Every structure is written in C-alpha cells, then in structure tokens.
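Residue numbers (this note's numbering), protein chains in the order written: chain F, 1 to 334; chain R, 1001 to 1301; chain H, 2001 to 2301.
Do not rely on the hints blindly, as some may be mistaken.
Stated by the list, open to error - Some chain R residues flagged as far from chain F (calculated, every beta-carbon gap over 12 Å):
id, residue
1, ASN1105
2, PRO1122
3, ALA1192
4, ILE1211
5, GLY1229
6, GLU1299
What the hints assert, rightly or not - Across the chosen pairs, the derived CB separations fall in these ranges:
id, chain 1, residue 1, chain 2, residue 2, range
7, H, ARG2221, F, LEU164, 19 to 29 Å
8, F, LEU86, H, LYS2144, 52 to 62 Å
9, H, ALA2184, F, LEU210, 27 to 37 Å
10, F, ARG195, H, GLY2039, 32 to 42 Å
11, H, GLU2266, F, GLY318, 47 to 57 Å
12, F, ILE179, R, VAL1049, 31 to 41 Å
13, F, LEU210, R, LYS1153, 51 to 61 Å
14, R, ALA1207, F, PHE157, 19 to 29 Å
Everything labelled a hint here was simulated from the structure, so no lab data went into it.
These numbers come from a predicted model, not from an experiment.
Glycine included, C-beta positions come from ideal geometry on N, C-alpha and C.
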Amino acid sequence: MTYRHTKVFIALFLLFIGAFLLGLAFGGSNLSLSSVVTAIFQPERDSIASTIVRQLRVPRFFLGVLVGAGLSVAGCVFQGLLRNPLAEPYTLGISGGAALGATLAIVFGLPGLFGRITLPLAAFLGAFLSLSLTYVVAARRRFSIPTLILGGVILSFLFSALVLLILSVADADKVHGTIIWLMGDLSATETGMARVAAFPIVGGIVITILLAQQLNILTLGEEKAAYLGLNTESLRKIFFLAASLITGACVAVSGLIGFVGLIVPHFLRRLVGPNHRTLIPASALGGAIFLPLCDTIARTIIAPLELPVGVITGIAGGLVFISFILKTRSWEIF
Amino acid sequence: MGEGQGGGEKMDNSRPLPLPLIPSRQGRGSFRTETNSDASPLLKVTDLVAGYQDQKIIDGISFSVPNGCFLGIIGPNGSGKTTLFRVITGFLNPWEGEVLYQGKNTSRITAADLAKEIAVMPQGLESTFSFTVEELVAMGRFPHLGRLQKLGKRDREVIHQVLELTDTEDFKDKKLFELSGGERQRVFLAQALAQEPKLLLLDEPTAHLDIGHQIRILDVIKRLNRTGGMTVIVVLHDLNLASLYCDQLILLKDGSIFAEGSPSEVMTYKIIEAVYETVVLVNENPITKRPHVLLVSEEQP
Amino acid sequence: MHWLFILNGKIVSLRRFYNVVLSCAVLLAVSPAVARGDGLPQRIVSLSPSITEALFQLGLESKVVGVTTFCLYPPRAAQKPKIGTIIKPNVERIVFLQPDIVLATETNPRPDLDKLSSLGIRVLILPPEKSFADICRNLGLLGKALGVEKTAESVIKKANERIAAIKARLKEARPVRVFWEVGASPLVTVGKGTFADELLSMAGGINIAHNAPARYVRYSREEVLRQDPEAIILVTMGDVTAREVASWQKYKELKAVKDNRIYVIEAHPVCSPTPLTFVRGLEKVASFLHPACVRPVAKVF
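Model the full assembly from the supplied sequences, consistent with the hints where possible.
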C-alpha cells in the first residue's frame, strides 16, 4: 500500500459517505430534506418519512452497495482470470442462465408457489445451472482459458435463445415482468433476501482478496504461474466458482445490472494499478459507490417514473470511460 | 571469459552476491562420468519420450546435470528443444521415462516445493495488465512466502538485489509496457532469480534481442553460475552464444540427442553440417578459445 | 371465500379452476385484511388502468389517491397523482401517499407488491382476466373489498342486460369470419382464452385465429391471406394504423378488401376493459360486423 493508494482509498471512503447521504436525501417521492433529517434523528415524529427513509431508502442503498461491490469484484476477478480486460461478470453465461431461470418462474407463474423467494431462487438456480455446464465443459480441457470463454459465451447464447423462445410464446403481461427483471432493479427486494445473498457475496469477495497474489501470478499465463508453484487448474476453478457465486447471488437479488462489473474494475485499475491485492478491495469500494449513486439518479431523474438502473450505469459509466480512454496513452488502458 | 564482459553494464562487482544461497560449487566437471561420480547429479533424465496428442516429439533422451553445471540445449527448429524443456520443468508429462531432481521423481514433488528450488523462464513471457517492474519481480518471491503472502525484510532484500543484479532497479516503478524488449526480458530474469533457485531453466532467453542485450542477460546468469554455484540449463538457438557460455552442450536432432559434450566436442563442422544441413566453418574465438561457427551462403556474395 | 370456486354458477374447466385456486391463494396470502373485512379503505392506489376506470364507475373517484401514468380513462383519472407505470410502480411514491389499499394485477411486478405488503400496506392482487366473466368477477372483488358491492352488482347486471340485448338482435345473423389485429410488426392477433376472442364471438364474428396455440400470438400474413377473412379489425396502434390499413388494401383479392370491410377500433374498450367498456366495445364491433342488426354507435365512450 503506497502513499498514492492510501490517498485513493481515503477519497473512495469519502465518496462512499457522500453517496450514502445522497441516497438518503433523494428518492422517488418529493420528501423534503427536513423530513429526511427528522426521519433519521426522530423517527417517531414523522412515521411516513421514517418508513420511507429507514425501510425503503436505507435498504435500497445497502442492496446497491452489496450488488455493486459484488459485481465489481466478480468483473475484476474474471478480467484477471481470463487475462482479458473485456471480461465482465456475465461473460461466462451466468446472466443467460439466471435470465432463463427467472423467465421460467415468471412465465409459468411460479411466484405463487414459493412466495417471495421464488424469483431469486429460480434466477440463482438458473445461474447455477449455467455455471455447472460451463464448469463441466471447461473441466474437460483443464480449465484452459479459451475453453472457459468459448464454453461460457456459447452457453450464454444458448440460454438467451431459450429465453427469447419462451418470451415469444408467452403471454404479453408475463413478458413485461420478465423484461423488467432483465433490466435489473434494486427497488423492491426484501431485506431478508439481501441478507441471505450477502453471505456468498461477502464470502466470495473475502476469498478472492485472500488469493489476490495468486490471481496476479495467474495473469502471467498458465505456464509461468505453474513454474511459480501454483496449482493453476485448481486455482482457476476456485476463482471461477467464487466469481460465479458472487455474480449468481447479485443477479438473484437484483436482476441483470450491466456495465458495473466491466467499468468499475477498469476505472480503479487506472487509479491503483493492476495488483489485485489493492485492486479487489478498491473495486469493491468503487462498486459500492457507483451502483447506489446510479440508482439514486435513476429513481429521481424523471420521478415518479423510475429508469432501470442499468440505463444510468451504462450512460454514466460509458461516458466516464470514453473520456478516460481519450485522455490516456494506449498502453495504459489496462 | 572475464566478469567485465558486460561492457556498459553498471554492475557492482564488490557487492557479495546473494544468489543462490547454496555454499559451494561441486560436481562441476566431466559431464559423462555420472556413473562413477560420488555426488549424485542435481537433475537426471532417463529415457524420456514425450509429445503432444498423438505426435511424438522427443524419443529416448537421457542425460544428467551435475551441480553447478551450465548446460546448453541446442538444435534446429522442431528438433524438440522446447518440448524437452517443458518435460524437464514438469509442465508437460512424459509418456515414458522420468525426470529426477536430487534423486526424486519431479512428478512426485508438488509445484510449490519445486518452485522453491527451480526457477523457470519460459519463452514469450508477457503481462496482460500493466504491473510495475517491482510488482512483477516480487511475484518471484511467491514460492517462499507464508500463508498471508506478506513480503518480509529478507524478501525485500532479495528483490532489491535481483533488481540491481539485472540492472532493472532504475525502472522498478515503470510498467512493463513502457520498457524495450531487452529490458522486459531482464525483468523476467529478475523475477526468476527472486526465487533464489538452485537450478535455473531458461528457454531462449535471448530470442529477438540485440547482441548487447543477449550478452547482458547471459552474463548475469553466467556470473551467478560461476560465483554462486547456481546450476543452469538453457535452450539456445544461437550456436555461438551457446559455445560462449555453456560448459556442456546437448545437440538435439529429430527428438534425440545427436551429440553431447563440451562445446569443442559438439561444435565441429561435421556435426553442425550434419544436423543443420548447411555449410559452415568452425573457427576458434581468439579470446575465449571456444569454437565459433561462421555461416557460408551457397549463393555468390 | 368459497364463492370464488364457482364462476357464473358453474364450475369451469380444470385449467381455469387451477387459476382460480391460484388467485384465491394469492388473495389469502397477500391480503388477509380483506378476508377479515376491516374498516373500508379511504385512500386507494390503483396500479392498473382498468382498475382505475372501474373505481370511477363504482363512484370511488374521491378515494383514489394515486394512479399509474397509463391510467387515461376516464379523462379525470389522468389528473390524479402518478405513482409510476404499470410495470414499474414507484414504491416510495406509493408509501408517501399513505394508501389504505393498493389494487394490483398480476402484470405489476411481484417484488414491488411484496415490498408494499411487507411495509404493512394492504395489497389486493386481482386475478387475470381472460373472459367477460373474469372481468365481472374482478369488479365484484373490487366491490367487496371496497364496500360497494351493491354498485358493482348493478353495474354487472346492466352490462349483462346490454349483452343479452345484442345477442337477441344477432340471433339470426350469419357469423362473419374476422381477423383481429392487435399488432402490426410483428403481426399479432389473439387466440381463445382472451376476452377479445370472446367479444368477437358475442358480436357475431368468428375469430380466424381462435385455435392459435397461445392467447396473444404472432401470426403470419400468409395465413391470413389463406384464410381470407370477411373482415379485418385493427385495434388502433397510433400512427401505424393508416399505413397498416393501406398495407392490407394491397391484397385486392382479399374478401375483406373487396367488400371494403377493414375496421379500426380504439384499443381502450377492448384491451383493458371493465364490464361497461367491454359492452361498449362489443356494441361497436357488432355494428361493424352486422350493421343491419345493430345500430352503429357514433362514439364508443
């Protein structure tokens, strides 16, 4: 941890506090700032403001923190694991599987069966299915990177086609539900669900931080990594499973939120360098700022209508990223 | 060959070399006397057969490498140099035969244990992400670190020394992308040396480098071999470099050993012409007294 | 809630029965308060245009505190505070409005409804409407939940009387084969199990896509030409409609084109109906198909 890194982390921490305050202050209803302050310090005085701030805005902010951190770390790990700066959490087909699970649940009306957990459960099972298939395919080739990418991408196309197949024969009202889910959303998930999802997400992040130096060495290529004493095959398995688990849990509670997992690690790699020991914690913090911030914008900018948060992450992230590339010499992008 | 061969190198000869940390050079000498040698060879290879999928590349190779030896593996393109190299390093499993390191079959030693003793610099090393030179070299300490992979005082010392040794200290905070090919190769050499290996294996460490960088890289290795007793096995393309630096040579042709011995035994015009199928002249380098191969074109100049 | 098992005095097909059981479970799970018959709701949020319109017909206009941006009928409904769209209601805005009850359909996203009920807000999810009977049942459910059962019953009775009148007039009429177009690109029509299909048959028509494999289904233009319907009814699609009429008129051999029987109807009465709007739509379609029997209605609403 150099002086520069310390500065970056302090800045990120301050930004996090700022994002939290913004997330408390602004939302879909035009609650005045003074009622927000009242709701925080004297909840008994204004019960509606207190419900809105404490039971809607705060859980939503922390769900954003969880999912933002999870997707950013998963993206960061996939980029390192696949030695490909264009990789992101959904590269290996997890999104397709989760989408298939969610679509089946919505179209066949399963939410009536298991209540509130059905949709996250179905999405998670779908994600699990796709990652198992990728795993089986990749295991036949010693988890070589081209096999992982090829297997994942092909499965993701396959699942997308199946989703489209189901949607094209499904009822119109079910299609709406599915599309909303596909666009990703942080608004409604039960806090209990978020707590359950926190275990795989936080657990996965901790594992990848502990193995950060191994991930650094893996980026040198399989041969050199093996010469430095790594069991490359089992490490690739561990990283693949950890990042997939994180992604699956994120997708289960929030649907498919794009761009976060691609842009946040890129952005922070520019700030703190590619060393995963600092990059993974920095990405976690960066995602925990970026996603809730985008969500605050998405729900206030045209209130009472809400934009899908993926729209804002895409626009904001894309613009920042392009301006970055334009200012940077080519070899420094990664 | 003198230590000052490095020309413009800024090497500090007075500083004691830390690497490798084994006390003395022993068993250095006749290459083909392993049968009656007391000191068991550091590395021994018996009846290796290996290849990819169903294509056999090397067939029935045996040799042994005594402690402190500087062994060169030479041969034309496709003769099996890199395949042999990969079998020795354990990256490729042999179909038949075995590789013994200090008398123990390498397939029974874990990669982590092997990495504490053997450092390998394969061909075509690159880094996808823009790590700094120091970060890359620090990765070489990985095999020696504990569970938490925290760099200790000694680790930092070793890193500092290998940076100095390879003359990469000046740009330790630069990114690999910003360096020239020769500088990058020196960084990867420093990374391998940071492992404090007893045995260093290199696959064409000087490929694509200009003569200045070729000499700089091999001088560092030779120096550690002579003064630190580090055993070296290097695959080389350039016959004259092999002659200049190696104590012993193995010349491969079509996956088998065609000739082996000291440079003057192996590099005769008869052998070279037979293996490379081209006309050559073999002279003696007036300074090193080692054989020097001169090329002859069949066209009129 | 035994009355839910019987629709129009008879137990219907197994599939519908399953739906009913499901809706019953939904109702019980989501709004136990309804079953207990607590104090009548004074502040109502509607998440569906047809529910909003039904609330106005039931005389509950003053109790409606929030509607979706899609709620345009009756025009006064559009002036109520907005709580987002059908597919993305704004939970925070709804909580802010402090409703006693939120009226929803299965088109609304389930997680949002769950969130509302977890915050202690009563949510009533009306089961899907696939027939006129379903529409009437849902109005009955609304009446029961909001304490205006009598009004609901009289509205349903009035609607049924007008349907009976239409049926009586069409007794002798020969059914007309109709293509019912709800989307132009891709071409989408309705199959059986939709109230549009039911409305068509009540209006003395035969839906040529009645046996299509799904309720809302993509249809090929080729198949329409092959079936050669006597009339085509376009459910208006904004500015696409004129172009769509012209595109059918290209096929001069088509019976509907030769007889100039391409009709356009507003989406509102046939797409998100209450019993009364359904009847108005029915009267309109009947006047298209059988102008001799049913007097054309000048205005639909």
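The hints, checked one at a time:
{"no.": "1", "hint": "ASN1105", "verdict": "17 Å, holds"}
{"no.": "2", "hint": "PRO1122", "verdict": "5 Å, violated"}
{"no.": "3", "hint": "ALA1192", "verdict": "8 Å, violated"}
{"no.": "4", "hint": "ILE1211", "verdict": "26 Å, holds"}
{"no.": "5", "hint": "GLY1229", "verdict": "21 Å, holds"}
{"no.": "6", "hint": "GLU1299", "verdict": "40 Å, holds"}
{"no.": "7", "hint": "H/ARG2221 / F/LEU164: 19 to 29 Å", "verdict": "21 Å, holds"}
{"no.": "8", "hint": "F/LEU86 / H/LYS2144: 52 to 62 Å", "verdict": "57 Å, holds"}
{"no.": "9", "hint": "H/ALA2184 / F/LEU210: 27 to 37 Å", "verdict": "58 Å, violated"}
{"no.": "10", "hint": "F/ARG195 / H/GLY2039: 32 to 42 Å", "verdict": "34 Å, holds"}
{"no.": "11", "hint": "H/GLU2266 / F/GLY318: 47 to 57 Å", "verdict": "41 Å, violated"}
{"no.": "12", "hint": "F/ILE179 / R/VAL1049: 31 to 41 Å", "verdict": "59 Å, violated"}
{"no.": "13", "hint": "F/LEU210 / R/LYS1153: 51 to 61 Å", "verdict": "23 Å, violated"}
{"no.": "14", "hint": "R/ALA1207 / F/PHE157: 19 to 29 Å", "verdict": "40 Å, violated"}
Checked against the numbered hints given earlier, the structure breaks hints 2, 3, 9, 11, 12, 13 and 14 and satisfies all the rest.
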